[in-house]
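The lines below spell out each chain.
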Amino acid sequence: MTATTTSDRSDLSELGRSEASLRAFLHGLPGVDQVGAEQRAAMLGTRSIKTTAKAWAIDLAIRMVDLTTLEGADTPGKVRALAAKALRPDPADPGCPSVAAVCVYPAMVEHVAEVLRGSDVHLASVATAFPSGQAPLAVRLADTEAAVAAGADEIDMVINRGAFLAGRYGEVHDEIVAVKAACGDAHLKVILETGELGTYDNVRRASWLAMIAGGDFIKTSTGKVPVAATPPVTLVMLEAVRDFRALTGRQIGVKPAGGIRNTKEAIKYLVMVNETAGADWLDPDWFRFGASSLLNDLLMQRTKLRTGSYPGPDYFTLD
Amino acid sequence: MFEYAPAPESRSVVEIRASYGLFIDGRFVDAADGAAFKSVNPATEEVLASVAEAGAADVDAAVAAARTAYERVWGPMPGRDRAKYLFRIARLIQERGRELAVLETLDNGKPIREARDTDIPLAAAHFFYYAGWADKLTHAGFGADPRPLGVAAQVIPWNFPLLMLAWKIAPALAAGNTVVLKPAETTPLTALLFAEICAQADLPAGVVNIVTGAGETGRALVEHPGVDKVAFTGSTEVGRAIARSVAGTRKKLTLELGGKAANIVYDDAPIDQAVEGIVNGIFFNQGHVCCAGSRLLVQESVAEPVLAALKRRMAQLRVGDPLDKNTDVGAINSAAQLERIRELSDAGDAEGAQRWSPECELPERGFWFAPTIFTGVTQAHRIAREEIFGPVLSVLTFRTPAEAIEKANNTPYGLSAGVWSEKGSRILWTADRLRAGVVWANTFNKFDPTSPFGGYKESGYGREGGRHGLEAYLDV
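Chains as they are written, first to last, in our numbering: chain P, 132 to 450; chain R, 7 to 482.
Certain hints may be false.
Unchecked claim - So, partial list: chain R residues that the calculated Cβ filter (under 7 Å) puts toward chain P:
#	residue
1	Ala11
2	Ala13
3	Asp278
4	Lys331
5	Thr456
I should point out that these hints are in silico values taken from the structure, not numbers from a laboratory.
For every residue, glycine included, the Cβ atom is placed at its ideal position computed from N, Cα and C.
Go ahead and model the full structure; you've got the sequences and the hints to work with.
This is the structure in C-alpha cells:
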C-alpha cells in the first residue's frame with residue numbers, strides 16, 4: 132500500500148467480517164525487504180540534531196513519554212510518586228512540560244488517578260492479561276473494563292500472538308474489536324509484541340490488522356520479552372500508519388516501547404517520524420515513547436542545553 | 007515543524023595548502039614548465055588551491071621513477087612486505103578519515119555524509135582487502151607464480167576521487183606493480199593528501215606517483231612508451247580514444263566507462279525499499295555515478311503508487327551545503343557538468359517528457375541542480391539513451407517481464423542494473439537475461455572490495471575488485 136488520493140477513501144472495516152478476505156488483504160500488502168528497511172533506519176539514525184533543533188526535540192520527547200512502571204513490586208506509594216513526577220518532571224524548572232501519560236497495571240490505576248485528577252496527563256493501563264495475553268477472552272475483557280472503571284483513559288492491550296502466528300487473523304481481529312468495545316471512550320493502544328513476530332512482513336500485517344480492527348495506536352512491545360522496540364520495526368509501523376491514513380483518512384498513533392533509554396535514541400525516533408509518517412505525527416496525540424529511564428536522560432540533556440553543564444544524576448528524582 | 011538546525015562539519019580539520027606540486031619519486035615537485043591550474047569548491051566557487059599541471063617532461067620523470075622503483079624495490083620485494091605497506095596505508099586512511107572526508111566534500115561537492123560513510127571507509131576497505139592478497143597471489147587462480155606487469159598508468163574520474171584511486175592503486179601495488187596516477191582536474195586534492203599518506207607510511211619512493219592535470223596530461227601518460235598497463239575510469243568517448251592509442255602496443259588495458267542502468271521495479275516489489283533504492287540509485291552522489299540507476303523501469307500496474315511514493319520521498323531530500331551533516335544531495339561537480347545536465351534535461355522537455363522536481367531552494371553561488379524525474383519517457387528520447395551523469399531520472403513503464411528485459415538491454419551500455427521483486431525466481435530469471443556487469447537485487451549502489459565490478463558492451467572491459475581485480479595487474 133502506498134499513497135492514494137483522498138477521493139477514493141476505503142472503508143476497510145468490512146474486511147474483518149471474513150477470515151478469507153482479511154487474509155487476502157494482509158497477504159496482499161507489499162513485502163518488506165529486511166536489508167533495505169534496516170539500512171533506511173540506520174541512515175535516518177545519522178541525522179545530526181543540534182542546538183535549537185535539539186532543544187525543540189527534547190521538549191517534544193518529554194511531552195511524548197508514557198512514564199511507565201510495570202513491576203510485580205509496584206505499590207500505591209510507588210505509583211503515586213511516579214504520577215507526581217509525570218506532572219512535574221523537573222521540580223527545579225516550572226517551564227519543563229509534563230509527560231503524556233502514566234502507564235501502570237490495572238490494580239494501580241485508582242492510586243494514580245487520585246494524583247492526576249484535573250491535569251492533562253493521561254492515565255494508561257496495560258490490560259488483557261498483560262504481557263502474555265494468555266487468558267480467556269472473558270478475563271481479558273473484564274481486566275479492561277476494570278481498568279477503565281478505575282479511571283484509565285488509555286488501554287494498552289496485547290494481541291493474541293499465538294492466534295496471529297497460527298494464521299487465525301479473524302480471531303485476533305475480533306478480540307481487538309471486543310477490547311475496543313470494552314474500552315468505551317478510552318483510547319486503545321494495540322501492542323503487537325514485535326519481538327515475537329519474527330519478520331517485518333508480520334509487523335506490517337499485524338499493524339494493518341490492528342488498525343482495521345479499530346485500534347487508536349499501534350505499539351511495539353510489552354517490554355517483557357528480550358527484543359523490544361527497534362528503529363526498523365518502528366519504521367515499518369510508521370509506514371503502515373502513513374499508508375493507512377492515505378487509504379482510509381483515519382490517523383493512527385505509534386508507540387515504540389522498551390529499550391529507548393536516552394535522548395540520542397529518542398531523537399533518532401523523532402527524525403524517523405518526521406521523515407516517514409510526516410510532521411502530522413510529531414505530537415503526543417500521535418506518537419509516544421513507552422519508557423521509564425528515558426525521562427531522566429531527557430531532563431539531564433535539557434538542563435545541559437539550558438545551563439551549559441551537566442548536573443549530577445542526584446539532581447533528578449528517581450521515582 | 008521539525009527544522010533541523012545547521013550541523014556543519016568543521017572544515018578546519020583539514021589543512022589545505024595554497025599550492026601543490028606533483029608527487030614524483032617520493033617528493034612534491036613543481037611542473038617543469040611551471041604550469042598550474044586551480045581547483046575550486048563547486049558548492050561555493052571558492053578557489054581551494056593551485057595545483058601543478060604536469061606536462062610531457064613531468065610524466066616522463068614520473069614513469070621513470072615508477073620504473074626504477076619497480077625494478078629495484080617493489081618488484082623484488084616479497085609479497086608479505088608489500089602487504090605491510092598496504093595495511094599501513096589502509097590504517098592511515100582510517101586514522102585520517104575525517105580529514106579526507108572533509109577534503110573530498112570541499113573539492114568534489116558531495117555531501118559529507120556520503121564522503122564520511124561511503125567513500126573513505128570503502129577506500130580503506132579496498133586497501134585492507136588487497137593487502138591480504140599481496141602474499142597469496144599464488145592462490146589467486148592465475149598460475150603458480152603470477153608476475154606483475156610493471157608500471158601502471160592510471161587515470162581516474164572526479165566522481166569518487168579517493169575511492170577510484172583506491173580501486174586502482176590497491177590491486178596494482180598488491181600484485182607488485184608501481185603506478186603513475188592522474189586524478190581528475192576538478193578533484194585532485196585527496197589524491198595529493200594520499201601522496202602525503204604514502205610518505206607517512208614510508209612507502210618506498212617512486213612506487214606511487216601522482217601527476218595532476220587535465221586531458222593532455224592523461225594523454226601523455228597513457229601514450230607513454232614506458233608504461234605496461236593502462237587503467238582508465240571515465241567517459242566512453244575518452245575510453246575509445248585510449249583504446250585506439252594503445253592498440254598495437256604491449257600495454258594491457260582495462261576500461262570502466264559510462265552507463266545507463268535500468269532499475270526494474272516489478273509489481274511484487276517491496277515498495278518502500280524499492281523507493282529507497284530508486285532514490286539511492288539516482289540521487290546518490292548527485293547522480294555522478296557511472297552505475298547510477300538512471301532509467302527507472304516500473305511495471306505499469308504499480309507505476310502510479312510507486313511514482314507517488316517516489317515524489318513524496320524526493321520531497322524529503324535535503325539539498326544544499328555539502329558540509330552539513332544532514333545534507334542528502336550536494337553540489338554538481340563543475341560548471342561544465344552542470345551545463346551538460348541542463349542541456350540534456352532541456353532536451354527531455356523538448357522531446358515531450360514531463361519534468362518534476364520537489365520544491366527546494368538552491369544556493370545562489372556554486373553549481374546546483376534540483377533532483378529531477380522525467381515521466382512519460384520513451385526509449386527514443388535522448389534522456390533514455392544518453393548518460394546524463396546528474397540527478398535526473400528517466401521513468402519508463404513496462405507490461406511484462408520480457409518487455410522489461412528488452413527495454414533494459416536496449417542500450418549500448420552494460421555496466422549495472424537493479425531488480426526489485428519479492429519473488430526469488432523472478433529475480434534470478436531477470437538477472438540471467440540482463441546484459442550488465444553488475445546486477446543488484448533488492449538493493450542498489452552496493453559496493454564491496456570482495457566483489458568484482460565492471461561492464462560490458464560500451465561500458466568497458468576488465469574487472470575491478472575481488473580476486474578478479476588482480477587479473478588486470480598480473481601477467482596472465
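Consistency of the hints with the structure:
1. Interface hint at Ala11/R: satisfied, since its Cβ lies 4 Å from the closest Cβ of chain P, which is below the 7 Å cut-off.
2. Annotation: Ala13/R was flagged as interfacial toward chain P, and the flag holds, the nearest CB pair being 4 Å apart, inside 7 Å.
3. The interface hint given for Asp278/R holds, since its Cβ lies 5 Å from the closest Cβ of chain P, which is under the 7 Å cut-off.
4. Because the beta carbon of Lys331/R sits about 4 Å from the nearest beta carbon in chain P, less than 7 Å, this interface hint is met.
5. Because the closest C-beta pair between Thr456/R and chain P is about 17 Å apart, greater than 7 Å, the hint is violated.
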